[in-house]
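Protein chains in written order, with my numbering: chain A, 1058 to 1170; chain B, 712 to 826.
By construction, these hints were calculated from the structure, which means they are not laboratory data. A quick note: this is a predicted structure, and the numbers were derived from the prediction, not measured. Treat the hints with care, since some could be wrong.
Unchecked claim - Calculated cross-link-like contacts (lysine-lysine; reagent style PhoX-like; alpha-carbon spacing at most 25 angstroms):
id, chain 1, residue 1, chain 2, residue 2
1, A, K1162, B, K725
2, B, K768, A, K1162
3, A, K1162, A, K1106
4, A, K1162, B, K720
As a plain string of letters, each chain reads:
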Amino acid sequence: AQSVTQLGSHVSVSEGALVLLRCNYSSSVPPYLFWYVQYPNQGLQLLLKYTTGATLVKGINGFEAEFKKSETSFHLTKPSAHMSDAAEYFCAVTFYGNNRLAFGKGNQVVVIP
Amino acid sequence: NAGVTQTPKFRILKIGQSMTLQCTQDMNHNYMYWYRQDPGMGLKLIYYSVGAGITDKGEVPNGYNVSRSTTEDFPLRLELAAPSQTSVYFCASGGTGATEGAEAFFGQGTRLTVV
Chain A
1058 AQSVTQLGSH
1068 VSVSEGALVL
1078 LRCNYSSSVP
1088 PYLFWYVQYP
1098 NQGLQLLLKY
1108 TTGATLVKGI
1118 NGFEAEFKKS
1128 ETSFHLTKPS
1138 AHMSDAAEYF
1148 CAVTFYGNNR
1158 LAFGKGNQVV
1168 VIP
Chain B
712 NAGVTQTPKF
722 RILKIGQSMT
732 LQCTQDMNHN
742 YMYWYRQDPG
752 MGLKLIYYSV
762 GAGITDKGEV
772 PNGYNVSRST
782 TEDFPLRLEL
792 AAPSQTSVYF
802 CASGGTGATE
812 GAEAFFGQGT
822 RLTVV
């Protein structure tokens, strides 16, 4: 079954430091990959997505992610954390032939002043 | 643009009661989804639909039912509510035509407590 794995449910990062959230998928067929963000008491909104083409994808709020087929990974990064980045982040995947969207367990990001 | 609208936002049910969570979208999307979100567990797919008249089970369908009579609406029915159904429920929609890899747009969620 299609799945994604996110390690470390809670991630603490200092303001101004690098944000790195890891996502690995399980499939021999390259999937479509997404990162979503959820602010408290809100729904999810798309940060960025990879479908085809360039493997380095830029999203909103200074985030980017790189698709690495050899590592079956799609890690999310931001060079410098801001207090407003405190939120929960989800990696998600669909595969060729369907739009059934499966989510990882999420990373709760805390930004320390 | 309304996007995806869910009602109600909050609800408390007693064990054994039934209710319907409403979801409507105005983006003419083919795909619609219902997820439940529990702390530390991410989002689990309950049911999804690829178009009007077509629905399919997700990971955790037991205790729920859905219907999709129109493109816009995708209500989720809870029969005989149980404490295990206490959760936050999200409806989402995405994709038009034969689009693959389409992003999903989410509603604001329904926080349900079963007591």
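Structure-based check of all given hints:
no.	hint	verdict
1	A:K1162 - B:K725	violated (29 angstroms)
2	B:K768 - A:K1162	holds (20 angstroms)
3	A:K1162 - A:K1106	holds (18 angstroms)
4	A:K1162 - B:K720	holds (23 angstroms)
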